[in-house]
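Each residue of the sequence shown is one higher than the last, beginning at 1 in full-length UniProt numbering.
Note that these hints are calculated values from the structure, not bench results. Here the structure is a predicted model, which means the values were calculated and not measured. Yeah, the Cβ is synthetic: ideal placement off N, Cα and C, and Gly gets one too. Don't take each hint at face value.
Calculated cross-link-like contacts (lysine to aspartate or glutamate; reagent style EDC-like; alpha-carbon spacing at most 16 Å) [stated by the list, open to error]:
| id | residue 1 | residue 2 |
| --- | --- | --- |
| 1 | K123 | D28 |
| 2 | K36 | D157 |
| 3 | K35 | D45 |
| 4 | K44 | E160 |
| 5 | K47 | E160 |
| 6 | K36 | D61 |
| 7 | K44 | D28 |
| 8 | K58 | D117 |
| 9 | K44 | D117 |
| 10 | K170 | D28 |
| 11 | K123 | E39 |
| 12 | K35 | E60 |
| 13 | K73 | E138 |
Here are the in silico distance ranges between beta carbons for each label pair [as the list claims (entries may be wrong)]:
| id | residue 1 | residue 2 | range |
| --- | --- | --- | --- |
| 14 | D83 | A103 | 20 to 30 Å |
| 15 | E135 | E65 | 21 to 31 Å |
| 16 | S120 | M25 | 30 to 40 Å |
| 17 | R80 | M25 | 12 to 22 Å |
| 18 | K47 | Y78 | 17 to 27 Å |
| 19 | D142 | F67 | 31 to 41 Å |
| 20 | N46 | R80 | 35 to 45 Å |
| 21 | D83 | S156 | 24 to 34 Å |
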Amino acid sequence: MLKIISAVCLTFIFSPIWPLGQNPMPGDPFIIVNKKNNEVAYIKDNKVQTVMAAATGKTEDLTPEGFFTITVKAVEPYYRKKDIKGGDPNNPLGTRWIGFDAAETDGRIYGIHGTNDPSSIGKYVSQGCIRLQNETVESLYDIVPIGTKILIVTSSDNFEQIGRVYGAIK
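Build out the structure end to end from the sequences listed, making use of the hints.
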(Lines of atoms letter the chains of each structure in order from A; the text may use other names.)
(Lines give C-alpha, C1' and ligand atoms only; values in the text may rest on other atoms or scores of the structure.)
Protein backbone atom coordinates (compact mmCIF):
# COMPACT_ATOMS: atom_id res chain seq x y z
CA MET A 1 0.00 0.00 0.00
CA LEU A 2 2.84 2.37 0.85
CA LYS A 3 4.38 1.72 -2.58
CA ILE A 4 1.12 2.67 -4.31
CA ILE A 5 0.78 5.91 -2.34
CA SER A 6 4.42 6.76 -3.03
CA ALA A 7 3.97 6.09 -6.76
CA VAL A 8 0.87 8.30 -6.93
CA CYS A 9 2.63 11.12 -5.06
CA LEU A 10 5.68 10.90 -7.32
CA THR A 11 3.45 10.89 -10.38
CA PHE A 12 1.84 14.17 -9.29
CA ILE A 13 5.15 15.76 -8.32
CA PHE A 14 6.85 14.98 -11.63
CA SER A 15 3.80 15.19 -13.89
CA PRO A 16 3.98 17.85 -16.63
CA ILE A 17 0.40 18.86 -15.82
CA TRP A 18 1.16 19.53 -12.15
CA PRO A 19 1.62 23.30 -11.67
CA LEU A 20 5.13 23.56 -10.28
CA GLY A 21 6.86 26.90 -10.03
CA GLN A 22 5.76 30.20 -11.52
CA ASN A 23 3.04 30.48 -14.06
CA PRO A 24 3.85 31.80 -16.61
CA MET A 25 7.40 30.60 -16.71
CA PRO A 26 9.88 33.13 -18.09
CA GLY A 27 9.91 32.66 -21.85
CA ASP A 28 6.32 31.41 -22.11
CA PRO A 29 3.86 33.39 -24.23
CA PHE A 30 2.13 36.02 -22.10
CA ILE A 31 -0.29 38.85 -22.89
CA ILE A 32 -0.62 42.07 -20.92
CA VAL A 33 -3.49 44.50 -21.46
CA ASN A 34 -2.95 47.94 -19.95
CA LYS A 35 -6.25 49.80 -19.71
CA LYS A 36 -4.49 53.04 -18.75
CA ASN A 37 -3.12 53.51 -22.29
CA ASN A 38 -5.31 51.00 -24.20
CA GLU A 39 -2.39 48.87 -25.32
CA VAL A 40 -1.74 45.14 -25.48
CA ALA A 41 1.73 43.60 -25.27
CA TYR A 42 2.71 40.14 -26.45
CA ILE A 43 5.64 38.78 -24.45
CA LYS A 44 7.63 35.69 -25.39
CA ASP A 45 11.20 34.51 -24.91
CA ASN A 46 11.73 36.94 -22.02
CA LYS A 47 10.99 40.10 -23.97
CA VAL A 48 8.18 42.26 -25.25
CA GLN A 49 7.72 41.12 -28.84
CA THR A 50 5.10 43.66 -29.91
CA VAL A 51 2.77 46.31 -28.54
CA MET A 52 -0.64 46.86 -30.13
CA ALA A 53 -3.23 49.62 -29.84
CA ALA A 54 -6.54 48.41 -28.40
CA ALA A 55 -9.98 49.51 -27.26
CA THR A 56 -11.31 48.56 -23.82
CA GLY A 57 -14.48 49.04 -21.77
CA LYS A 58 -16.63 52.18 -21.89
CA THR A 59 -16.35 52.36 -18.13
CA GLU A 60 -13.47 51.31 -15.90
CA ASP A 61 -15.35 48.33 -14.47
CA LEU A 62 -16.45 46.76 -17.79
CA THR A 63 -13.07 45.25 -18.75
CA PRO A 64 -12.20 43.01 -15.80
CA GLU A 65 -8.75 43.29 -14.26
CA GLY A 66 -6.75 40.29 -13.12
CA PHE A 67 -4.83 37.26 -14.22
CA PHE A 68 -6.67 34.97 -16.66
CA THR A 69 -6.13 32.10 -19.11
CA ILE A 70 -6.90 31.90 -22.83
CA THR A 71 -9.49 29.11 -23.11
CA VAL A 72 -11.13 29.52 -26.54
CA LYS A 73 -10.08 30.61 -30.02
CA ALA A 74 -12.35 31.08 -33.03
CA VAL A 75 -12.01 32.16 -36.65
CA GLU A 76 -14.89 34.33 -37.92
CA PRO A 77 -16.68 34.26 -34.53
CA TYR A 78 -20.46 34.23 -34.28
CA TYR A 79 -21.93 37.19 -32.35
CA ARG A 80 -24.54 35.57 -30.13
CA LYS A 81 -25.90 38.76 -28.59
CA LYS A 82 -27.38 39.96 -31.90
CA ASP A 83 -27.36 36.70 -33.88
CA ILE A 84 -24.77 37.86 -36.43
CA LYS A 85 -22.87 35.17 -38.29
CA GLY A 86 -19.09 35.16 -38.51
CA GLY A 87 -17.78 36.88 -41.61
CA ASP A 88 -20.74 39.28 -41.77
CA PRO A 89 -19.51 42.89 -42.16
CA ASN A 90 -21.93 43.91 -39.38
CA ASN A 91 -20.29 41.52 -36.90
CA PRO A 92 -18.61 43.67 -34.23
CA LEU A 93 -16.25 40.81 -33.27
CA GLY A 94 -14.27 41.07 -36.48
CA THR A 95 -12.33 38.11 -37.85
CA ARG A 96 -10.91 36.41 -34.72
CA TRP A 97 -11.85 35.67 -31.10
CA ILE A 98 -9.33 34.86 -28.36
CA GLY A 99 -11.46 34.18 -25.27
CA PHE A 100 -10.30 34.12 -21.66
CA ASP A 101 -11.86 32.96 -18.42
CA ALA A 102 -12.61 36.30 -16.67
CA ALA A 103 -15.45 36.44 -14.14
CA GLU A 104 -15.63 32.63 -14.05
CA THR A 105 -16.77 32.48 -17.68
CA ASP A 106 -15.76 29.89 -20.23
CA GLY A 107 -13.92 32.23 -22.61
CA ARG A 108 -17.04 33.02 -24.61
CA ILE A 109 -17.99 36.25 -22.82
CA TYR A 110 -14.67 38.11 -22.49
CA GLY A 111 -12.05 38.09 -25.18
CA ILE A 112 -9.59 39.80 -27.43
CA HIS A 113 -11.22 40.22 -30.81
CA GLY A 114 -11.21 42.15 -34.05
CA THR A 115 -13.66 44.85 -34.94
CA ASN A 116 -15.88 46.13 -37.72
CA ASP A 117 -15.15 49.67 -36.47
CA PRO A 118 -11.41 50.36 -36.83
CA SER A 119 -11.89 53.96 -35.62
CA SER A 120 -12.75 52.61 -32.14
CA ILE A 121 -9.19 51.40 -31.51
CA GLY A 122 -7.45 53.43 -28.80
CA LYS A 123 -10.73 54.40 -27.17
CA TYR A 124 -12.85 53.29 -24.21
CA VAL A 125 -15.87 51.97 -26.10
CA SER A 126 -16.35 48.22 -25.59
CA GLN A 127 -18.74 46.28 -23.37
CA GLY A 128 -15.73 44.69 -21.66
CA CYS A 129 -13.72 42.98 -24.37
CA ILE A 130 -10.39 44.05 -25.79
CA ARG A 131 -10.66 45.12 -29.42
CA LEU A 132 -7.79 45.09 -31.90
CA GLN A 133 -7.60 45.86 -35.61
CA ASN A 134 -8.55 42.72 -37.56
CA GLU A 135 -5.05 42.36 -39.04
CA THR A 136 -3.53 42.67 -35.58
CA VAL A 137 -5.80 40.11 -33.91
CA GLU A 138 -5.21 37.71 -36.81
CA SER A 139 -1.45 37.91 -36.23
CA LEU A 140 -1.88 37.42 -32.47
CA TYR A 141 -4.32 34.55 -33.00
CA ASP A 142 -1.72 32.62 -34.99
CA ILE A 143 0.94 32.76 -32.25
CA VAL A 144 -1.05 32.52 -29.02
CA PRO A 145 -1.87 28.99 -27.87
CA ILE A 146 -4.79 28.07 -25.66
CA GLY A 147 -3.51 28.09 -22.09
CA THR A 148 -1.60 31.36 -22.54
CA LYS A 149 -1.88 33.63 -19.51
CA ILE A 150 -3.31 37.13 -19.89
CA LEU A 151 -2.99 39.93 -17.38
CA ILE A 152 -5.30 42.95 -17.47
CA VAL A 153 -4.22 45.96 -15.44
CA THR A 154 -4.40 49.73 -15.19
CA SER A 155 -0.80 50.76 -14.65
CA SER A 156 1.69 53.55 -15.23
CA ASP A 157 4.49 50.96 -15.47
CA ASN A 158 5.81 49.92 -18.86
CA PHE A 159 5.22 46.41 -20.20
CA GLU A 160 8.70 45.19 -19.36
CA GLN A 161 8.29 46.24 -15.72
CA ILE A 162 4.87 44.57 -15.51
CA GLY A 163 6.22 41.42 -17.20
CA ARG A 164 9.04 41.17 -14.64
CA VAL A 165 6.66 41.56 -11.70
CA TYR A 166 4.42 38.76 -13.03
CA GLY A 167 7.26 36.40 -13.96
CA ALA A 168 6.95 36.57 -17.76
CA ILE A 169 10.35 38.23 -18.10
CA LYS A 170 13.48 37.29 -16.13
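Distance restraint between K123 and D28, which requires alpha-carbon spacing of 16 Å or less: violated (29 Å)
Satisfaction of hint between D117 and K44, Cα-Cα up to 16 Å: violated (29 Å)
Beta-carbon spacing of E135 to E65 - inside the hinted bounds 21 to 31 Å or not: At 27 Å between Cβs, range holds.
Proposed proximity, E160 with K47 (alpha carbon, max 16 Å): Holds: K47 and E160 sit about 7 Å apart, inside 16 Å.
Pair hint K123 and E39, alpha-carbon separation not exceeding 16 Å: Roughly 10 Å separates the two Cα atoms, so the pair holds.
Proposed proximity, E138 with K73 (alpha carbon, max 16 Å): holds (11 Å)
Outcome for the supplied range 31 to 41 Å, where the beta carbon pair is D142 and F67: Violated, since D142 and F67 (Cβ atoms, about 23 Å apart) do not stay within the stated range.
Cβ distance range 12 to 22 Å for R80 and M25, holds or violated: Check failed, 35 Å falls outside 12 to 22 Å.
Hinted pair K58 and D117, Cα distance within 16 Å: holds (15 Å)
Restraint status (C-alpha distance of K36 to D157 at most 16 Å): holds (10 Å)
Pair hint outcome, K36 versus D61 [Cα-Cα no greater than 16 Å]: holds (13 Å)
Straight-line alpha-carbon gap K44 to D28, limit 16 Å: holds (6 Å)
The structure fails to meet hints 1, 3, 9, 17, 18, 19 and 21 from the earlier list, while all remaining hints are met.
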